[in-house]
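Combine both chains into one complex, guided by the hints.
One letter stands for each residue in the lines below.
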Amino acid sequence: MTPAPRPRSLAGLLLALLISAVTLTSLATAAISYFTARGEVDEILDGHLAQAASLLIVQLGHELDEIDTEHAPTLHEDARKVAFQVWEGGRVLRLRSANAPPDALAGPAGGFSERLVDGRRWRIFSQWSGDRGYLVHVAERADTREKLARKLAARQLQPMLVAIPLLALLVWLAVRRGLHPLRALARQVAQREAQNLAPVEAATAPREVQPLVAQLNALLARLGASLDSERRFTADAAHELRTPLAAIRTQAQVALGEHEVGARRHALEAVLAGCDRLTRLIEQLLTLSRLDAQDAETRFSSCALDELAAQAVAESAPAAAAKDVDLALEAPQPLEVRGNADLLRACLRNLLDNAVRYSPAGASVRLSLFDEAGRARITVEDSGPGIPREERDRVLERFHRLLGSGAEGSGLGLSIVARIAELHHAELRLEDSTLGGLKVTIDLPAAASRRTAVP
Amino acid sequence: MRILLVEDDPLLGDGIRAGLRQAGFVVDWVRDGVAAQAAIAAEPFAALVLDLGLPRMSGLDLLRRLRAAHDPIPVLILTARDTYADRIRGLDTGADDYLVKPFDLGELAARLRALLRRTAGSPEPLLRVGAIELDPAGHSVRLDGRAVELSAREFALLHELMANAGRVLSRRQIEERLYAWGEEVESNAVEVHVHHLRRKLAPELIRTVRGVGYLLPAPPA
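Heads up: the protein sequence lines correspond to chains A and B, in order.
Its first residue numbered 1, the first sequence is counted upward by one per residue in the numbering used here.
Its first residue numbered 456, the second sequence is counted upward by one per residue in the numbering used here.
The following block holds chain B by itself, in its conformation from the complex (with noise of 0.2 Å):
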């Protein structure tokens, strides 16, 4: 899951950064409003980690800029400032979570992966396809109650494709949520990665799409 990042303060936007890529999640780290804005409309992120005193563009305007243009992305609000009001504005503003510094990094990742679920409309916290079992948080996945070893990147993919579940992503989305900006991504990299999933789990699991993407079918209901 991609996330970005806006935090204008170097040391702790570089700890959140690598933090979040500790727990499996790919993340772009932007340190002003401007820029977050730019990003936004460029990439897909699954989610918005934003600190409230940015340079060029506050945090809550940013966020006002987002929601009047009717974007969903779920943002979680890093702040000093920790007063109810503060809060209860940020939240009003149309933040979906709060987080007040100094923070735990387990309990920001935690909250992410709850942001994303319910973005998803799962309250299950374990993605289940078939016989699959994907655990976000425990970064563990299971075939049919059997542990599977995984790259991260490997990980990162099946999420991808279990989160969307009967939907086809492009080898270009599948990039763009997969990598963060000025990481090497090899033109095969993508096959590569499929490849490996399809050995370790199952070769029929995902679908090649000849010229469009890749897809793992839905369960029937």
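Chain A with its partners taken away, still in its complex shape (with noise of 0.2 Å):
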């Protein structure tokens, strides 16, 4: 497994998102205001040059004479760099400053030319004097002004090595103060203790992060909601024992104290019975903390509903059989439904077991299966007291009994089919009977539909 990446620092990022535009842009201007410098300089200096040719052509018509190339003028503060040479008639070399080479700088045409000497690139001006008499030309060295230039673009520059790490300094205080929703949001989190499932405050968090919050609170609520029914489940699981548990330690109390053989028998049968409900109590409970880890992705596979139920109709007949209840089966056709059938045995054993369970001795419990139109029904009547309207829902219920029909149920057995009806995707309806009693109807989705995703 590789690491995990290092989680990016938002703030880092905006900082150095900012720092790196701020320093394209300054360095964009620099580029830009050396390439005009340079253009401003050519022009400026070559004006000088021009004026320069100009001067000594009009300086050549008086003095030329007087003048010997040793005490030749200087033309300009950086004489250095600047060179001239003047040629009577384009041909004869009259006059040329030191720095001058003793050959033409330029040819016998007018205007700007370029040319290297000495390794050293020159800028030459040329202008012939008004009768033509002298060729005149000007040379100034390149690299003047490419250095003039340099120059300009670095002091553009300068302000900004101060003012980059200062813009750094400050981009950074206020993507630290930006942030400080998001950090105070963190905090919130982070110091809640683990039980604390209330939702996070969103009124102080910035828009951006609203629906963020709005999100996470719903996640809280769900799990906070799954939670409390976990943890009641489990509280009302752990009564649920306590009663059976003191209906044997109390009869085994009356047997150990008591002295007639009937009398003691009697007890200890009911330990035995006690014990007897007591398991069954934790195989419902066992079946339904299984069957609430299932989920939707339970495997599915084809399933003969109608030998499910001929198999539920046999487990349960012997308990019918002793209360002398007539159980019946009517599954006129093969039945096949896309299900579990684990699952679907168990729903129906639970629903065959509560009418025996509920009945009165000599009643009628009958399973029925039909296609209606590709959609399986199953339904359990029985002729026993029922379940008046009211109580319907409630009975669904986990740990609901029904008041007054003794208490040798779980209360779980309702609750068992209703969630395996759940999980099929199937619809439960309880109803009025014929046989006078309870109906209970459970509609599975079309059995030649392959497995739908439902939300």
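Because the hints were derived from the structure by calculation, they are not lab data.
Given the structure is predicted, the values throughout are model-derived calculations rather than measurements.
Be aware that a few hints might be false.
[Stated by the list, open to error] Pulled a few chain B residues facing chain A out of the computed Cβ check, cut under 7 Å:
1. D464
2. L466
3. A473
4. A535
5. K556
6. P557
7. L560
8. A564
9. S577
10. L581
11. V584
Glycine included, every Cβ here is placed at the ideal spot set by N, Cα and C.
Structure (structure tokens):
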């Protein structure tokens, strides 16, 4: 497994992006200044060169005879970088500055040109005197211009060198300030105890984070609800175990204190009955907790519902016979459904057990299967006392026992049936039976349809 | 002492009834709150053993109604709910004592005796009238320090007479306190038991008040 990547810091990312943007902008500005400066420096210095050539021509008119090469006039303060040549008739070198080479700096054509002298680039302006008697070349080293433009661009960059660190500090502070609500939110979540599932305070969170907080709160609410129901179920289960335990303990004590054989036997039989009841209650609890752990991913396959029904009826038959309850199965034709065979059989078993358990001796219990236009329908009916209309929702709740029905039941049978129906996306209804008691109907989704994802 | 047991669980109810009978109580057993209310109105019960999770009318509702009607009957609650909040609610609703399931039968009987003692205003676990000493817990009777063998019914009769020393109990009152529903009462049963008690203890001990009932005179204070 590769190590999890270090999560990126939002503050660091913002800081890096902002500082890079500012730096790039500054560099771009400096580059533009450099090129602009180059252009302007060229323009100004070219002007100077032309002007210097003109001045030289004007001076040539009256002073050329008095001037020798050694005493050539200084045309520019930066004299070493400026050179000139005066050619009489364009062929005879009459005058040159000390730093000018003896050969012609440029050709006889007038105007601007460039050439290399001793490995250095020079910019040259050439002009003929008005009578075309003299050709004057004035030259200037080109790297001077380069240096000037660079200096100008650098001057522009200098303040940025101070500004960028300052800006970085300010941006960092601003980002910190901007992320403060996020940190406050994180602190709020971090400081809560594990048990605290109250919603996170959303009022102070920035608008961009509101959806996250809303989702978090929705998750907390769902988690809280499921934890609550789990906790309630565990507490209820523990309490439900106390009564059968108390019965066993009490009957055992009675048996110990009883001298009369018949009474002692009665108490001991009651101890056994209590153990059976406790066993059944624990089995039901385990079934339910296993069902709770299952979800829509329960493995479904094609099941022969008529065969499952026959098995369930066979399993319930001994109890029915012992109570003289008439148990019948009506499944006229084979019926295929998609589902989990074990769960469906447990569902049928619980329905039959309930019907037999709560019906008086001599009652009838009937399990019927129907094919309702491709949908499988299961009904379990009895001629027992039924369930009053207003109780029908509550009997599906866990541990809810019908009043006055005696307390042998665990109060879990119908909860198990309801949960199995839910897992099969089936519809469960409690109604009056034509037999006189309760009719439980389960409508399974169409057998032919593939299992569809139900939210 | 006649106790009304209100418990909807058949196995537990049957066990408690048998256990309390072994401890010398006369026990009637009903399975829901409405039946309990009717029974309390009809018969003179010395105490009520009340389960809370009852059909038709919950134990707490029954208790609330009894207390609202100023019925002082001592009530011991039996319940599977064991949180402090549950206990406090039970006691504050008017219960006198509280036992959480599963419990010990001996403790249930002892707590009932304590309740009955407190109701009678006597701090002494033994009942004494003159030379007779009755131990409800040990089920024994002494006369001048000498043990006397009594049948369960004779013991119960003596217990009632001693608990009501100085008051006349009618034959009907005695029958109601000595026999649970469904128990066969011979028409002269009380006379027979009184006769036996007189013979085993002292002939002059129990006075007959003609046309009214029987009286165990309280010793001069």
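Checked hints:
Proximity of D464/B to chain A holds as hinted, the smallest CB-CB distance being about 5 Å (cut-off 7 Å). Among the interface hints, the one on L466/B holds; its C-beta lies about 4 Å from the nearest C-beta in chain A, closer than the 7 Å criterion. Below 7 Å, beta-carbon pairs count as interface contacts, and A473/B has one with chain A at about 4 Å; its hint therefore holds. Residue-level restraint check for A535/B holds (minimum Cβ-Cβ distance to chain A is 4 Å; threshold 7 Å).
The closest approach between the C-beta of K556/B and any C-beta of chain A is roughly 4 Å, which is under the 7 Å cut-off, so the hint is satisfied. Contact between P557/B and chain A, as hinted, is supported at the beta carbon level, the nearest pair being about 4 Å apart and thus within 7 Å. A distance limit of 7 Å between C-beta atoms decides the matter here; for L560/B the minimum to chain A is near 4 Å, and the interface restraint holds. A least Cβ separation of about 10 Å between A564/B and chain A goes past the 7 Å threshold, and the interface hint is therefore violated.
Annotation: S577/B was flagged as interfacial toward chain A, and the flag is violated, the nearest CB pair being 27 Å apart, outside 7 Å. A distance limit of 7 Å between C-beta atoms decides the matter here; for L581/B the minimum to chain A is near 22 Å, and the interface restraint is violated. A hinted interface residue such as V584/B counts as satisfied when its beta carbon comes closer than 7 Å to some beta carbon of chain A; here the least separation is about 29 Å, so the hint is violated.
Hints 8, 9, 10 and 11, counting from the list given before, are not met by this structure.
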